[in-house]
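Chemist: Next come the chains, spelled out residue by residue.
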Amino acid sequence: MLTSALQLASGTPPQLLPSRELMAFTLASHILLVPFGVALPFITLVMHYRGLRRGDPVALKLARRWSAVMAVQFAIGVVTGTVLSFEFGLLWPGMMGRWGDVFGLGFGVEAWAFFLEAVMIAVYLYGWRRLKPWTHFWLAVPLPLAALMGAFGIVAANSWMNTPQGFRLDQQGRPVDVDVQKAVFTPMFGPEYWHFVVAMFLTAGYVVAGVYAVGWLRGRRDRYHRLGFTVPFTIAAVLSPVQFFLGDSAARSVFHKQPVKFAAMEIVWKTSTHVPEYVFGRLNSDGSISGGIRIPQLDSILAGFRPSTKVTGLTSVPAADRPTPAEATIVHFAFDIMATIGSVLVLLALWYAWVWWRHRGLPPGRWFYRCAAVAGAACLVTVECGWIATEVGRQPWIVYGNMRVSEAVTHTRAGGIWAVFGVVIVVYVAVFWSFLAVVLKMRTRWRVADETAAGLRAAVAPEVDTPYGPRGESDPAAVGAPAGGSGTGPSDRHPGGDR
Amino acid sequence: MMADLIAWVLVVVIAAYACGGGTDYGAGFWDLAAGGAERGQRPRWLIDHAMAPVWEINNVWLIFVLVLMWTGFPTMFQAVFTALWLPLVLAAVGMVLRGAGFALRKPSKRLARRRVFGAVFAVASLVTPFFLGAVLGAVASGRVAVGTPASAHVWTGPTSILAGLLAVAATAFLGAVFLGADARRFGADDLVGYFRLRALLAFCAVVVLGVVAVPVTHHDARHVWHGLTHGLGLLMMLLSCLAGVVTVLLVWLRAHRWQRHTSVATLALAVLAWGFAQRPYLLPTSMTVAQGAGAAHTLRWLGLVSLIAAVLVGPALFLVYRLDTQGTLEPLTDTDTVASGLPGDDL
Ligand code: HDD
Ligand code: HEM
Ligand code: HEM
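Residue numbers (our numbering), protein chains in the order written: chain A, 61 to 559; chain B, 10 to 356.
Extracted from the complex, chain A is given alone in its bound form (with noise of 0.2 Å):
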């Protein structure tokens, strides 16, 4: 405790500033592909499903195309992840020395977690070929389970970091008496964990649809469009009310667990009633806001449903205990526009189920596929802003109230981890540049052969076989389906180009 004092007596250590950065970006990056991971094998089980149900060619064509990209993703998501790893102990090493053996654990079941994902996965993607169709399936059932426990992990370890219990400090300050089933089951847990599981399929879902909804503003509009979009959109579109409230409850566990990350997210100075809330606008450093809309009595109402709800106020905790005002404003405005985006949402899923309701198909203007091609970016961008705020809300603490994020951070020298940081910033580009283009490629790929297929033969020649590998004619579900509806595609194999 005493070298903390030191430390915050001359300031934070220069490292500090390149390691936060780091593991930000990184995580930030990573973050990106998790809704794919968690929840892109759900998504393609269910087109799957359809697809063996009711015969349909083109539901296991789409099922087929986004098990291509799933393999691509899931590389991707792999080392990106491993790399987190790595980062616990290069950059925090002050945090896992003391606290690894209170919270570590979660990442064990996470380690189990990924073991049997990655099983899945690959039994699932290099299955199609060889496996019976119904076997196939059923062998990738649990898929959607096994990424939920991984979550379950990772969210376990992150929620502990902002509501550290199951253990007892001796008089060193180091833990001791560890319990683990509370040190995993913590207060933040429960809200937390849900409220990200269902980010991950909202967002697999509107990023998926949104793909098609592209494809169908461009004119194309026929079945496998139709089918690739309606059935990710809907799964989104029902979880959309589902996640706004449970936001909301997060945000009300935030309030009643950590008033001060609460007071951070409102931009609350002072702690009293009937407290107004602010959209968006700016803290200043003397506690004054400027800009944004203000409300009176709003906050109070949303925290504890009555004007006289007591809201803590960021001056509750000495300065040095609670987040810069800098901080506090980007983290009012990420929650702010995750929230923002999450009312939106539901309004486009209201859109869709009136639609849907009135006359039982699409709607049919072009500003309903706007916004759902829009949505997953959308997406996307909440997720940042959730992550954000959970985490800048946190600051300065590592450990909330038990270790700060200075005295966790290794000494390594701060030039050294910028420089890192650079390498990792144009690795990172490369490669997720890289991902992009393969990913567009297999679709521009697949958009020729559908076109050549529906008649407009181009004068490109139909791709053959990649070279080796056995053909798999014997296979049912691997019959190249006909595209488009049209059913005069070429089902016929090109058995060319084998080596």
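Any given hint could turn out to be false.
Stretch by stretch, here's where chain B covers chain A in the computed footprint (C-beta under 8 Å, at least three residues) [as the list claims (entries may be wrong)]:
#	segment
1	126-138
2	149-160
3	167-181
4	184-191
5	238-246
6	472-486
7	492-503
The hints are simulated quantities; they were obtained by calculation from the structure and are not laboratory data. Heads up, the beta-carbon is just placed ideally off N, CA and C, and yes, glycines get one too.
Fit chain B with the ligands to the given chain A structure using the hints.
Modeler: Relative to the frame of chain A, chain B with the ligands by itself:
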């Protein structure tokens, strides 16, 4: 003694990573050594096919290693990640490049792009095991203690460098043995001989490095050296050598049935020998297993988690490796997803 048990779990998981991950690194090594695009086409095709379904699974062993370290022995984790900052950073960057390079190469059609991804994958497959080996060597040589600051001195000792080189050679050996067997499985008979030769060469490299290591590490890694030349450590080491020799004989005689198993045994036994030799230390000779152990309650749960993992993951792994060796796992082709070539894709 729960702490000892967890320490052994850690050693076993490291051995599993050395074998599983090692095979993949070895495949990357041979990818690098396969020559130009024309000449290297067939071995690269085999490497792609053999690695694709399982490399992500093999990677999870490493996650397990890290989790066991920080949950079971947090102070040791802190010491290692502080003192060996640079090699671990380089290993992590290498890991990203390797995985991404491999994953992106497969779906790429354009030759230039495949070249770039392939080169990244292959070079990173060389770099990563070297640094991981160097880290292990640094720990074994007793240069890491609680509070040791990061410096090049920690991981540039003779034991570290040798361990790094040995890691590269051992993975190359494992990779060649497995690829040889895979070549038969995929019916690529010309590649059987190709990888047979390379397996023998890699084994020679391992032997040479091993022989050099004996005198060099005598003073540099005293405790572990003593452990490896006495008692159970010695026994494991001898068994490992035996397994290695058997592997080479099998490879030589083209008796392909068991060569994979014996090659895995070679590496796994060597890692176990290191585990025996380092007893009772986590960090020779400054921290014993008992001193470095985390909270007792956590260790019990960690034991339970490891048990569940073994029960659940064991059969799953068995299933996937079985399906894989039976040739049931095959990538989706363009025909399956109905994809079309684009002008400019030079397949
Ligand atoms: C279980 C641990 C854990 C999890 C699941 C997350 N984080 Fe976190 N994050 C940390 C553990 C952590 C950390 C290591 O504890 C940091 C470093 C400094 C800090 O306070 O917490 C951190 C910092 C940190 C910062 C910098 C805060 C600052 O300005 O100081 C950002 C922006 C994020 N994280 C963003 C994310 C994102 C986008 C996540 C989505 C996956 C995420 N975090 C999940
Ligand atoms: C600090 C935080 C994190 C760490 C240390 C971490 C670690 C990892 C690791 C090591 C992997 C690779 C596993 C493998 O080899 O199969 C991985 C992948 C994955 N991570 Fe993370 N991760 C973090 C954040 C998250 C979060 C917040 C989630 C949300 C649940 C998440 C979900 C996943 C999923 C689903 C995968 C599987 C790969 C994929 O499908 O993309 N991770 N992560
Ligand atoms: C009106 C809607 C929403 C509200 C009120 C809300 C509220 C919150 C709150 C209070 C947190 C912080 C929890 C903490 O500090 O521990 C949070 C985190 C988060 N939010 Fe939301 N949210 C909403 C919508 C969404 C949507 C639509 C998504 C994604 C599609 C999303 C994704 C996330 C994520 C990923 C986190 C971080 C994980 C977590 O802590 O749960 N949120 N949200």
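Chemist: Sort out which numbered hints this structure fails and list those numbers smallest first.
Modeler: Violated hints: none at all, because every hint is consistent with the structure.
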